[in-house]
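Number of protein chains: 2
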Amino acid sequence: MSNLLKQKAAAGKLIEFGMVRHTADNIAQRNNDKNEHQSFFQGQGKILLALSQNDGLSQKELATNLDLTAQSTAEFVNKLVKKNLVTKEKSDKDRRMTVIHLTDLGRQKIDTESSKIPDFLEVLSDEELDQLTNILTKINNSLYDEINNSEQPTLFKKSQQIIKDHFRDWFL
Amino acid sequence: MSNLLKQKAAAGKLIEFGMVRHTADNIAQRNNDKNEHQSFFQGQGKILLALSQNDGLSQKELATNLDLTAQSTAEFVNKLVKKNLVTKEKSDKDRRMTVIHLTDLGRQKIDTESSKIPDFLEVLSDEELDQLTNILTKINNSLYDEINNSEQPTLFKKSQQIIKDHFRDWFL
DNA sequence: GAGTTTTATTCAGGATACCTGACTATCTTT
DNA sequence: AAAGATAGTCAGGTATCCTGAATAAAACTC
Chain A
1 MSNLLKQKAA
11 AGKLIEFGMV
21 RHTADNIAQR
31 NNDKNEHQSF
41 FQGQGKILLA
51 LSQNDGLSQK
61 ELATNLDLTA
71 QSTAEFVNKL
81 VKKNLVTKEK
91 SDKDRRMTVI
101 HLTDLGRQKI
111 DTESSKIPDF
121 LEVLSDEELD
131 QLTNILTKIN
141 NSLYDEINNS
151 EQPTLFKKSQ
161 QIIKDHFRDW
171 FL
Chain B
1 MSNLLKQKAA
11 AGKLIEFGMV
21 RHTADNIAQR
31 NNDKNEHQSF
41 FQGQGKILLA
51 LSQNDGLSQK
61 ELATNLDLTA
71 QSTAEFVNKL
81 VKKNLVTKEK
91 SDKDRRMTVI
101 HLTDLGRQKI
111 DTESSKIPDF
121 LEVLSDEELD
131 QLTNILTKIN
141 NSLYDEINNS
151 EQPTLFKKSQ
161 QIIKDHFRDW
171 FL
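Protein chains in written order, with the UniProt record's numbering: chain A, 1 to 172; chain B, 1 to 172.
Treat each hint with caution, since some may be false.
Any copy, or any two copies together, can satisfy a pair, since identical chains are not distinguished.
[Claimed, not checked] Below, computed lysine-lysine pairings styled on DSBU-like, alpha-carbon distance capped at 30 Å:
| # | residue 1 | residue 2 |
| --- | --- | --- |
| 1 | LYS79 | LYS138 |
| 2 | LYS6 | LYS93 |
| 3 | LYS13 | LYS60 |
| 4 | LYS8 | LYS83 |
| 5 | LYS83 | LYS13 |
| 6 | LYS93 | LYS116 |
| 7 | LYS88 | LYS116 |
| 8 | LYS79 | LYS6 |
| 9 | LYS138 | LYS90 |
| 10 | LYS13 | LYS116 |
| 11 | LYS13 | LYS93 |
| 12 | LYS79 | LYS13 |
| 13 | LYS60 | LYS93 |
| 14 | LYS116 | LYS138 |
| 15 | LYS83 | LYS60 |
| 16 | LYS138 | LYS13 |
To be clear, the hints were calculated from the coordinates, so they are not data collected in a lab.
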């Protein structure tokens with residue numbers, strides 16, 4: 001009962017967090033002269049992150065790993081190629097496949113970018129940081145389950161779930 | 001020192017959270033036959049949320065409140081008008097201004113939508129929910145400060161900060 | 001081995017969320 | 001009344017996604 005109230009309170013704070021962070025993100029992007037925006041949890045950033053954990057994936061593998069359509073994936077990869085952050089090359093074993101590799105510049109970009117710690121974490125104590133990490137772990141796992149279950153599990157999709165579980169190990 | 005490690009851990013989890021939630025969001029949107037997606041922390045949803053706290057704002061006020069350009073705001077408002085969720089009418093006091101009001105349908109939509117509690121909160125204990133709420137409060141406050149400071153504070157901008165502080169009171 | 005089906009990728013086109021720049025009304029100041 | 005500030009609009013652009021339709025290579029079928 002009171003649990004529900006607590007859930008509502010947290011839910012409100014989460015909406016607020018989403019909104020304010022999004023706003024802050026937009027402002028940062030506006031003020032940033034170079035359009036270097038790569039929020040790492042969408043679009044090109046997502047691809048980069050995936051490759052940093054597992055270089056040399058094919059476009060198709062990227063798409064299934066990231067739950068994107070092949071077309072979206074192709075679009076992001078092409079943009080990254082233009083920026084010299086990744087390379088595309090046809091596989092010799094299966095000439096249909098295109099294998100994507102990070103360039104040095106790409107790897108470098110990920111390193112500098114992912115080492116940035118958002119300012120707002122500095123207001124938290126050690127104890128709070130531990131709590132947050134712990135809570136987010138639970139939430140993320142719950143979301144992974146949601147993702148795996150939400151797709152009508154065709155016999156084919158089942159094999160993809162295995163891949164999706166790797167996703168889980170990215171951020172350890 | 002060890003604080004930095006904890007910050008890094010939390011930062012990683014936060015990136016993961018952003019990514020997985022974004023993915024789950026996209027999937028939900030795909031499976032949803034009607035394209036009723038309104039993530040509430042961007043675009044049209046943001047406007048709706050603002051009006052639910054404070055009906056009858058002008059477009060300009062919405063824009064400053066939400067840190068959007070007047071043009072973006074106009075776009076979202078027009079889309080909402082088409083969906084019969086809000087109404088536009090010229091102010092009598094100042095004929096330049098357009099006052100935006102929620103329709104019954106709009107209010108209804110917000111009610112049903114904002115009463116939804118994300119599934120992933122159900123995996124948390126009462127204690128964890130309290131911790132999360134507490135932590136997010138701190139983080140959000142820190143982000144508000146960031147937003148207020150990040151804009152080159154022209155003399156004019158200063159007056160807007162007052163408005164932005166209202167933003168803060170939305171989710172109590 | 002020829003014919004069909006399945007895959008991996010691409011091209012074309014569409015939606016939404018933002019943005020900047022260039023107007024047009026309508027106050028407000030001087 | 002002229003000049004300036006303010007609220008909105010129109011036009012056009014970028015990024016992230018999507019669906020649908022086409023192609024080429026591999027795998028399966030008989």
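**Prompt:** Given identical chains, is LYS60 near LYS93, meaning Cα to Cα at most 30 Å, within a copy, between copies, both, or neither?
**Reply:** For LYS60 and LYS93, only the intra-copy Cα distance (15 Å) is at most 30 Å; the inter-copy one is 59 Å.
**Message:** Please sort LYS8 with LYS83 into within, between, both or neither, judging by C-alpha distance up to 30 Å.
**Reply:** between (43 Å within a copy, 28 Å between copies)
**Asked** Is the C-alpha distance from LYS79 to LYS6 at most 30 Å within one copy, between copies, in both cases, or in neither?
**Response** neither (44 Å within a copy, 34 Å between copies)
**Asked** Are the CA atoms of LYS88 and LYS116 at most 30 Å apart within a copy, between copies, both, or neither?
**Response** Within one copy, since 28 Å is at most 30 Å while 43 Å is not.
**Request:** Check LYS13 against LYS93 for me: Cα-Cα at most 30 Å, and say if that holds within a copy, between copies, both or neither.
**Result:** neither (51 Å within a copy, 37 Å between copies)
**Message:** At most 30 Å between CA atoms: does that hold for LYS79 and LYS138 within a copy, between copies, both, or neither?
**Reply:** neither (34 Å within a copy, 37 Å between copies)
**Prompt:** Quick one: LYS138 to LYS90, C-alpha cut-off 30 Å, is that within a copy, between copies, both, or neither?
**Reply:** Neither. Shortest intra-copy (39 Å) and inter-copy (49 Å) distances fail the 30 Å Cα cut-off.
**Status of LYS93 relative to LYS6 across identical chains (alpha carbons, at most 30 Å)** = The answer is neither: 55 Å in one copy and 44 Å across copies each exceed 30 Å.
**Request:** Evaluate LYS83 and LYS13 at a C-alpha cut-off of 30 Å and name the case that applies: within, between, both or neither.
**Result:** between (37 Å within a copy, 28 Å between copies)
**Message:** Checking an output row: LYS13 and LYS60, CA cutoff 30 Å. Within, between, both or neither?
**Reply:** between (37 Å within a copy, 26 Å between copies)
**Asked** Is it within a copy, between copies, both, or neither that the alpha carbon of LYS79 lies no farther than 30 Å from that of LYS13?
**Response** between (35 Å within a copy, 27 Å between copies)
**Prompt:** Given a CA cutoff of 30 Å, do LYS116 and LYS138 count as a within-copy pair, a between-copy pair, both, or neither?
**Reply:** both (24 Å within a copy, 20 Å between copies)
Hint check: violations occur at hints 1, 2, 6, 8, 9, 11; the rest are consistent with the structure.
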